[in-house]
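Novice: Taking the hints into account, I'd like the entire structure generated from these sequences.
Chain by chain, the residues:
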Amino acid sequence: MSEAATGAPGALGIASSKVLSMREAIARYVHDGDTVVIEGFTHLICFAAGHEIIRQKRRDLVLCRLTPDLIYDQLIAAACARKLVFSWAGNPGVGSLHAFRRAVERGRPPLEIEEYSHFGMVARFSAGAAHLPFWPLRDYQGTDIPVSNPLIKQVTCPFTGESLAAVPALNPDVTIVHAQRADAEGNAQIWGLLGVQKEAAFASKHVIVVVEELVSTSVVRADPNRTLIPGVIVDAVVVEPWGAHPSYAQGHYDRDNEFYVAWDDIARDPATLASYLDKYVMGVSDRSEYLTLHEGLTTRLAARDMFCAGVNYGY
Amino acid sequence: MSEAATGAPGALGIASSKVLSMREAIARYVHDGDTVVIEGFTHLICFAAGHEIIRQKRRDLVLCRLTPDLIYDQLIAAACARKLVFSWAGNPGVGSLHAFRRAVERGRPPLEIEEYSHFGMVARFSAGAAHLPFWPLRDYQGTDIPVSNPLIKQVTCPFTGESLAAVPALNPDVTIVHAQRADAEGNAQIWGLLGVQKEAAFASKHVIVVVEELVSTSVVRADPNRTLIPGVIVDAVVVEPWGAHPSYAQGHYDRDNEFYVAWDDIARDPATLASYLDKYVMGVSDRSEYLTLHEGLTTRLAARDMFCAGVNYGY
Amino acid sequence: MTVVAARELRDGEIVFVGIGLPNLACNLARATHAPGLVLIYESGAIGAIPERLPVSIGDPSLVTGSLMVTGMADVFQLFLQGGRIEVGFLGGAQIDKYGNINTTVVGDYEKPKVRLPGSGGAAEIAIHARRTVIISRLSTRAFPESVDYITSPGNRSKGKSRKEWGMPGAGPVKVITDRGVLCASDVDGEMELAALYPGVALEDVTSRVGWALRARESLEMVAPPDAEELRLLREVLDPGKLYLKGS
Amino acid sequence: MTVVAARELRDGEIVFVGIGLPNLACNLARATHAPGLVLIYESGAIGAIPERLPVSIGDPSLVTGSLMVTGMADVFQLFLQGGRIEVGFLGGAQIDKYGNINTTVVGDYEKPKVRLPGSGGAAEIAIHARRTVIISRLSTRAFPESVDYITSPGNRSKGKSRKEWGMPGAGPVKVITDRGVLCASDVDGEMELAALYPGVALEDVTSRVGWALRARESLEMVAPPDAEELRLLREVLDPGKLYLKGS
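Protein chains in written order, with this note's numbering: chain A, 1 to 315; chain B, 316 to 630; chain C, 631 to 877; chain D, 878 to 1124.
By construction, these hints were calculated from the structure, which means they are not laboratory data. All C-beta atoms, glycine included, are put in the ideal place defined by N, C-alpha and C. Do not take every clue at face value.
[To be verified] Here are the simulated PhoX-like pairs of lysine-lysine, each with C-alpha atoms no more than 25 Å apart in a straight line:
id, chain 1, residue 1, chain 2, residue 2
1, A, K153, C, K793
2, C, K743, B, K520
3, C, K793, A, K83
4, D, K988, D, K1035
5, D, K1037, B, K468
6, B, K468, D, K1035
7, A, K57, A, K83
8, B, K594, B, K372
9, B, K372, B, K468
10, B, K398, D, K1037
[Claimed, not checked] Take a look, some chain B residues computed to stay more than 10 Å from chain D by CB distance:
id, residue
11, R370
12, K372
13, R416
14, S441
15, R570
16, E610
17, T614
18, A624
Specialist: Right, here's the structure in full:
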C-alpha cells in the first residue's frame, strides 16, 4: 500500500535526508537544562525517545506535557527532570503516577511543578506556535488553579471590557513527536488522535519526528491533507517501529494496557522501579533490543487491518 | 468507492435527516438583514446558494468573506447586500470585481464596507468560533488599515507588556459551506484547500452544508480524521452536485477559468450583468436547470481520477 | 449509579465523556433510550461508538468508526468554550456542598498529603458544559463541607455564584451517589437530597456527608435497574467488570 | 523581470508565493538553481509542485502532489506570524520610496478614484516574512514619492522605522522592475538604484520614479536571461503567455 523504505535512508534517493538514529537525534537536540516536550494524548507517545534520554543521562530538564504518563514517571524516577509543566499527572485508566507522587509529596527526587488545566496547556502551546506572547481563554473562574500558579493572569478585551484568563506562550527547546509515517525530510502524517502535536512542534526551536515507517515523499504528496507536521520545521527523523510502546499507534499496534496496569506495582516501590529501568532502559542499547525483551509483543498487539478508502485529488 | 446515496435521503435509512432542497434551506435560514457567510478560498465556493439567495430576493444582508469573488459581485449587483466585510475583493487571477467597484466608487447600489487583511478576517472567525470576544495578532503596524477601520484595536499582553493588534469576534447568522461529501446529519468531509470553513461554521448560529455527494454515515465513520465540520453544528444539508461551479471541487471538477475571465466583461457593463442574472439566476428555478444552460460543462471540467491510498484505522 | 447516571441523558444530546463510570453510563444510555447521543471525548474523538469498553479516554476504539477526530485545541476552543457541550460528567476525590470538586491535592497544595492527578479538562468542563452531573460514592471523606482545593467550580465558589463569576454553564445540577441523588437548590445552589435508592434510609446518606445535608420535602425513590439495563451492563458493556465493582 | 526575480531565491528557502509573476519566478527558480525551494501559498498549499501554471493562488494544481494542505488559520498563525517564511513576493498599484505598497485605493479611501482589491495577505507578508522582494513595472504613476494608502508597510512608514514599529521581518530588500533593480539603503531604508538592465540608461529609470531616486556609486549590470531560462519560461512554464506579456 505505501512505499515503505526497506533499506537505508539513502535507498530513497533523497539528497538532504534528516534521518538519524535515536541516539544521534537525542545527543544532538536534547541538552541538560533544556525544556523538552514528548507529546501525544494516550496515542503515539514516544517512549523510545524518553528511554534514550534516560540512557544519555540528561539532567535538569524542564519536562512539559499535558498528561505526563508513564514515560515522564520514568524520566522523573531517573532524575532527569528539574521541573514538570503539566495538566493531568496520572496513569490513564489505572490510577497514580507513583514516581511523580513521591517527588511531589516527599521530594524524592525534588521536582518543581507548574500546573494548568488541559485547556491552559493547549493554549500555552497555541501561543508558542503562533509566536504570540499569550493566549486568551475563558477559564479558571472560581478555581484555585491561578492561586497556585501565578503565571495564569487576566487580560481585558478591548471591545467588551470583559476580563479573560491569559496564559503565557510555551516555546520548548525541543519537541519529540511520534508519527505513523514521514518522509526523510520530516513531512509527517498522523491519523487517529492528534492531541496537541502540531501546536507543540510549531512552538519548538527544534523538532524530532519519530516514525513507525519511513516513506518516500510520493506517499506524502499523494494525500497532502493528511500531513500534520511539515518537514520545513523538522530537524531530525528517526525510524523506530514500535517506538511508542506501551502506548499505541493507530493502524500499527494497540495500547499495551497490561503494562499500564503493571506499572502501578512497578512504580509503587522505588527499588522495583529502579530494576525496571536497569533492565529495560539502561540494560538495552536501543529500541530493537528492548523489543527482544518482550517476546510475543508484536503478535499480541499488532493492529488488524481496517483501511479506509482513498479520496480523489484529481482536477 | 463511496456508498453514495442514489435515491431520496430516506433511502439512507437515517431517522433524523437534515436534508433539504436549496430553496427550503435558504428560505429557512437566510433572512433579510442577516449576516451571511458563503466561505471557500477559491475552492468550494457555493455559487448555488448565492443564486438561490438572489432568487429569493433577500435584502440588507451583511455579506462576510475573505475573498468576495464573483458570487458576492453578483449578490451586490442584485442589491441583496447592505454591507460587505472582507479582505480581498478581486477576480482571482483576472482583475477587478466591477459590481463591487461601482458600488464603492459610485454608490450604485450603495454599499457599506468594513475591511481587514486575510489574517484579520481569519482571526475574526477564529474568535467567533472559540466564543472569545477578540483575537490577538501581530499585524497592521505602519499600515492605514486600522485608520480606515476603527474596529481594529490594540490589546496589551499581561506578560510582556507588548501591544498587539486585536480584532473583534465575527458571529454570522448563517454560514454556507460547500463540501465534497456529508451524511444526512451534516458530518462533512472536505479535502484540498480548507480555507476558513471550519472557523466560519463554528462561529455561526446556523450552518448549511451543501454537498457534491450525500453519503451514508458509514463512509464518514470509515475516515473520521477527514471530517472538517461535525453534524452537531449543522442545521441543513443540501445535495447539489456542481453547486460550486464556476469555482471548483477537488476530485469532482476543475475551476471554470473561462467563466472567471468572461465575468470581467459581463460585470463591466451593468446591463450585461443584469441580463446574465436574468438568464442564469432568475431565469432558472434551481441548479439543475442552471446546468442545462451549460452544455458540455460537465465533460469539459470533470476531474480525472487521482485517488490516494487509504490508511489503517485498525487497532 | 451507572444506571441512574445513564437516565440523566436525553436522546440527541452532546455529552463530554470522562473515563470509567461516565463512559459506561453514556454507552448504556446509547444502548437503551438515547441512541442518538453524541459522545465527545477530550482526546478529540467526536461521535465515538467504541466496540469495546475503552480503557482510557484516548483508547483507539474511540477513534475507529467515530464521526470526527480533531485536535485538542478544537475540542477545548470550538466545542467546550464554544458552548456546544450540553452535558459534562465529573467525579472527584472531594465534592463540597456547592458541588465544587477537588481532583488536585488532599491537604495543602505546597505540601500535599496526597497528590492527585490535577484538573485535566475538568476545570473547563465544569465552567463551560451547559450542565454537569457529578458521580461519586458517598463517604464523609469524599463529601467535606468545603474541599481542600477547588479544581472544578460548582454552584458557588470563593464567595461568589456562577453568575457573579460570569460562567456560561448552569453548573452541577445533580450529584449521583451509590445511595441517593442530590440536586442543586434553585435558591442558593447548595446540594440537597432529592431521591433515595430503594432500601436506603435518610440517615444512611446524611451520616456520609460532611455538612448538614438538607433534604427536600418529598424525597423521590430511585427506580431500580431493570433487567435489560443490568443485562447490558453485565453481559455487553462491561463483562470483565473493569468499572462495575459493585455499582 | 521574472528571471531577475527567480535569481533572488536561494535553494531550500521557504517562499510565500503570490500569483502571476512571483509564481512564475518561483517555478523558474525551482526548475533551475533552486530545486529545493518550498513554495507556500496563502490558500494553504505547502510545498506545492503545480503541474500546470496555476491561474490563481487557490488553483487545484497547487493541492495535488503538495507536501501539506492546511487551513488558512495555520498559514497565517503558524507559518507567517510564526516566523517560518524566509521570502515573500509583493506587488502593487503604488510603491513609494521606502517600499510601502498600496493595493487598496487610488485617491481617498472614503471616495476612491479607483478601488483596488485590498490587502489579502499582503499586509502580514510585508510584516512577517524575513525579507520581501517587490516586483513592479516602472512608471511615475506606480512609483509616487508616497502612496495614497499604506496597505503593506515598507522600510519606513508613518514616520517610524520597522524597528520602531516592532516588525519582525527585514522588509523589502529589493524592488525588481522592468528596467533596473532598486535596493534598500542600509542607512535609512530608502530604495536606491543598484542595477540596470542591459541597454537601459540611468534616465530611463529616474524619469519613471516619482521621487529623486538615489543611484549607487557603481551600478551593476543585470545579466540577461540565458537561453535555458528563456526556454523554460516560454516553452514549459507559461507557453500560453498568461503572465509573460513582454516581461
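Novice: State the violated hints by number, sorted upward, taking the hints as numbered earlier in the document.
Specialist: 2, 3, 9, 10, 13, 14 and 15
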